[in-house]
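Chains as they are written, first to last, in the working numbering: chain A, 294 to 412; chain B, -13 to 101; chain C, 167 to 674; chain D, -1 to 163.
None of these hints come from the bench; they were simulated from the model. All figures in this text were calculated on a predicted structure; none of them were measured in a lab. Heads up, some of the hints might be wrong.
[Said to hold, decoys possible] In silico BS3-like pairs for lysine-lysine, Cα to Cα no more than 30 Å straight-line:
hint : chain 1 : residue 1 : chain 2 : residue 2
1    : D       : 145       : D       : 2
2    : C       : 624       : C       : 473
3    : D       : 62        : C       : 199
4    : C       : 546       : A       : 396
5    : D       : 62        : A       : 322
6    : A       : 323       : D       : 145
[What the hints assert, rightly or not] Estimated spans, in silico, between C-beta atoms of each pair:
hint : chain 1 : residue 1 : chain 2 : residue 2 : range
7    : D       : 77        : C       : 574       : 47 to 53 Å
8    : B       : 24        : C       : 574       : 33 to 39 Å
9    : C       : 331       : A       : 304       : 37 to 43 Å
10   : C       : 503       : B       : 97        : 18 to 24 Å
11   : B       : 74        : C       : 331       : 26 to 32 Å
12   : B       : 66        : A       : 400       : 34 to 40 Å
13   : B       : 61        : C       : 200       : 50 to 56 Å
14   : B       : 6         : C       : 281       : 37 to 43 Å
15   : C       : 546       : B       : 97        : 38 to 44 Å
16   : B       : 61        : C       : 576       : 24 to 30 Å
17   : B       : 97        : C       : 374       : 19 to 25 Å
18   : C       : 379       : D       : 49        : 52 to 58 Å
19   : B       : 89        : C       : 613       : 32 to 38 Å
20   : B       : 59        : C       : 197       : 51 to 57 Å
We put the CB at the ideal spot given by N, CA and C, even for glycine.
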Amino acid sequence: MNWEAILMTMPYMTVVILFMIGLFTVLFKKNLIKIIMGIAIMQNAANLFLVSLAYRRGEHAPVFTSAESTEMVMPTAHALTLTSIVIGLATTALLLSFVIMIKKHYGSINTDDVRRCKE
Amino acid sequence: MSALAYQLVPVSGWNPLVLILLALIVGVLVYMIYRLGNHSYKETKYKREPFLSGNSPADDPDSLHIGGSNLYWGFTRALKRYFEPLVRGHTGLLNDYLYWFVITVVVIMVVLYFV
Amino acid sequence: MNIDIVQHSPALILAVPLLFAFLTPLVDRISEKGRDALFFLGLIIMAFFVAIMAYEVYTVGEWSYVFGGGTVTPTGADSSFFRILFVADGVSAMASITLTISAIGAAIYSYTFMKDETGLNKFNTLFFLMVAGVNGMVLTGDLFNLFVWFEVASVSSAALIAFKTYEGKAVEAALKYMIISVIGGLFFLLSIGFLYGQYGVLNYQLLAENITGTNLDKIALTILVVVLALKAGAVPLHFIIPDAYSMAPGSVTAVLVVASQAGLWVLFRVVFTLYGVAVNTLTIGWIVIVLGILSMFIGVTMALVQKTVKRLMAYHAISQTGYMLLGVGVGLAVLGKPEMGLYGRTAMEGGVFHIINHAMYKGLLFLTAGAIIFKTGIRKLDDLGGLGHSMKWTMGFFIIGALAIAGIPPFNGFASKLMIYKSVYRFNPLLSIIAMVVSILTLASFVKVFHSIFMGPKDEDIYDTGDVPKPMLAGMTILAAFVILFSLFPGAVVSNIVEPAVEALGVI
Amino acid sequence: MNWKMSLVVRTVTNFLIVPIIVFGIYLVIHGHLTPGGGFQGGAVIASSTALLIIAYGSLGKHKKDLSSMEALGLTMFILIALFGIGSTMFYNYLAGTGGIFGGVVPEGANAGFINTGGTVPLMNIFVGLEVAAALSLILWMMSKETKVLETEKSSPSAEGQEVRD
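Only chain A is shown next, with the shape it has when bound in the complex (with noise of 0.2 Å):
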């Protein structure tokens, strides 16, 4: 068995379990703040599947201190990863907002009553 490879698959193991968590929670969960959790575990796997891209063995940081210039990690996919995480923050502050108005408004939060624009 070649665990050297296995273990390299690890980290994206990791993003497609988080991924299906999720997927699964937004698909089959009524409650609307349940789906915004899923969003969130969502949104995890998506930065953790850009960073562990970026990845390369036995390097350092991109930390332009610690290392010589040659041997860093891809800092580019940390970048976007940051700016994946404010925008996961943006997105999900608008969304609890809305929950908060639905329920204002609906007085429950649940997909089943929270559908009154059908016709």
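Place chains B, C and D on chain A using the hints.
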């Protein structure tokens, strides 16, 4: 200048200006024929109603406004087996919207993989 | 220190709305008048820069703008390697023009339309942010930057949909729009991860050069296509569009139409420039065509049975998006084959021309629907009636919009639909026949709407109040003027604006 | 707001606020050297306002000031980016030109200096200001909206207002 002129009034293909010109000409012709008619006919309040069928319409014609939504009731009634599931399809449930999203991703992925 | 405005126009198109978006709260503390003045000033300056960029693109040609680089054009491969790149080409010029026209029309319209609402400085900020988000989505040449602007546009349009927080339904529509957009964004992030992991580069040109169509690329392409079709409102994913359009305030819906079309523009960029012939274009072409046909047919049949004005128009927006997908899908299906020259190119030009036409007349129709609801406060078709007597101008604009959307000859809808019919017929006759049937059903549903709103007896309580105030009419006149302008000179519009956009998509 | 925590909590919060804000400012200013920067530093500063909201129930009459602070931060961020329009937007025109932010970076791996960042620390400061104001505004709005801090049970709000259909 000629290029722009050609673009503005292209000879081949669809050209709205020719159509509008035609419309104007026909309009003028119709107006001329309209002028020929005699104008003694007055728009009187109690003109004879053209009798079509059934009982005479209610005395107050203004109340006869058919509501908008059931203008095509015949069409929708005939295709009931198509319209029923379609209208019910829009459930308004957030989870259903996401089912459709995931289903489309899977379907297109399979199609793209095999073809 | 000579600042060459023309070279910097792509950056300024984005910087001006953002700057004015964040200046509004500060100015709002000083004076209400100042805030409204800032609102129009910002849009006019942005329109000025869009005009400069478009003129430069159409006369000189396309160029890319590197943010933070020493010189404007990327010198050497490495400098465009890490920096964010904006591309000013046919596609971004045409999309910015469409957005500017409907944004200015909607802004003037909303001057009195939103008069009695509170928190107008937030409305102006969000409006600017949405305009900046949509412009960014279309202008950017970098995949991750596209994700950032996709999110900015989704956040600001969701907040605008929920602007009437005192109505429960508006918040519900905004919540659904936002959740779906966020999840779409996450899938988008995954596909960025796939492409970045394989090729280590995020730039459109560099990515397009070394994409080889491996299985991972196909998965990334699927996710990109589905997420952008979701934003544009293709059928299996269209559920958020009717809720969002019917619950948003009138002027916001007009710009929302262009915001979802930005998803369409980016879908064409991804499919044509990014992937091009790397993937079997016939399959992708047929996928886009099937999405288009579904959107067309189901959109219009659902519209026939609708009971409220704006929901009916929202379904028409979906069915018209189907036309665009059909037109460009046919072009995509024959990409790189000899038939491209025969009819593929006209199909694409028809599809792309339909985008700008649709933005004009659909914006006009939504503004008229907003005017009707502003005047009567009634949304249902059954309760409305006899408005033709009092609202003459709105009726006139409604007629122009309805005839244009149904594709009646002199109007611009007909010009682009004719191009689509002719070319799609030679690709596959059945598709063209479905397109014509859908066009007839569109006309049928708009006759229904016109009859139930404007015909019928005088309605006493609305009759004496007359038509909607001046600025709303001015907003509608702008859009109607462009509908008529595009109807009278379709040839000029196609050869000057549409052809560069089609060439910019990489179609030789 | 009649909500107030006990005296102990309020005094501890008064003491705790200062180190949190100082640490937040440290993160913001050293953004271009050590991990941190505008957003992270601003979030730390916003956590101090979260403490204030819990201890004192509300931030008083500062809603307008906070949103203006946020708007000011963002406007300055874009203006600084626009000043670089000479070559391109977001161009680091202060780097290497001496002055407060323009120090020259010596060769080789070194711990880096504060004044070598050019426009980056300036942008970090304004983003930090903006994020601190924005996050505290969000926290405060949400605590006010959900009435989570009110002691007596607030009356259940009217069952959803129907749109005039």
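Here is how each hint holds up against the structure:
1. Distance check on the hinted pair: residue 145 of chain D and residue 2 of chain D sit about 13 Å apart at the alpha-carbon level, within 30 Å; holds.
2. Of the pairs offered as hints, the one joining residue 624 of chain C and residue 473 of chain C holds, with about 21 Å between alpha carbons and a cut-off of 30 Å not exceeded.
3. Our distance criterion of 30 Å between C-alpha atoms is met by residue 62 of chain D and residue 199 of chain C, whose separation comes to about 18 Å.
4. Between residue 546 of chain C and residue 396 of chain A the alpha-carbon distance is near 26 Å, which keeps this suggested pair within the 30 Å criterion.
5. Distance restraint check for residue 62 of chain D and residue 322 of chain A: the Cα-Cα separation of roughly 38 Å exceeds the 30 Å cut-off, and the hinted pair is therefore not satisfied.
6. The straight-line distance between the Cα atoms of residue 323 of chain A and residue 145 of chain D is roughly 24 Å, inside the 30 Å bound, and the hint therefore holds.
7. For the pair residue 77 of chain D and residue 574 of chain C, the supplied restraint of 47 to 53 Å holds, since their beta-carbon distance comes to about 50 Å.
8. For residue 24 of chain B and residue 574 of chain C, the Cβ-Cβ distance of about 34 Å falls inside the hinted range of 33 to 39 Å, so the restraint holds.
9. As the Cβ distance of residue 331 of chain C to residue 304 of chain A is approximately 42 Å, the hint placing it in 37 to 43 Å holds.
10. Checked against the hint of 18 to 24 Å, the pair residue 503 of chain C and residue 97 of chain B passes, with Cβ atoms roughly 20 Å apart.
11. Separated by about 30 Å at the C-beta atoms, residue 74 of chain B and residue 331 of chain C satisfy the suggested range of 26 to 32 Å.
12. At roughly 35 Å, the beta carbons of residue 66 of chain B and residue 400 of chain A sit within the given window of 34 to 40 Å.
13. With their beta carbons about 54 Å apart, residue 61 of chain B and residue 200 of chain C fall inside the hinted range of 50 to 56 Å.
14. A beta carbon spacing of about 38 Å between residue 6 of chain B and residue 281 of chain C agrees with the range 37 to 43 Å that was offered as a hint.
15. Against the hinted window of 38 to 44 Å, the Cβ-Cβ separation of residue 546 of chain C and residue 97 of chain B comes to about 41 Å, which satisfies the hint.
16. The beta-carbon spacing between residue 61 of chain B and residue 576 of chain C, approximately 28 Å, falls within the hinted interval of 24 to 30 Å.
17. Look at residue 97 of chain B against residue 374 of chain C: about 23 Å separates their beta carbons, and that is inside 19 to 25 Å.
18. Checked against the hint of 52 to 58 Å, the pair residue 379 of chain C and residue 49 of chain D passes, with Cβ atoms roughly 54 Å apart.
19. The beta-carbon spacing between residue 89 of chain B and residue 613 of chain C, approximately 35 Å, falls within the hinted interval of 32 to 38 Å.
20. Taking the beta carbon of each, residue 59 of chain B and residue 197 of chain C are about 55 Å apart, inside 51 to 57 Å as hinted.
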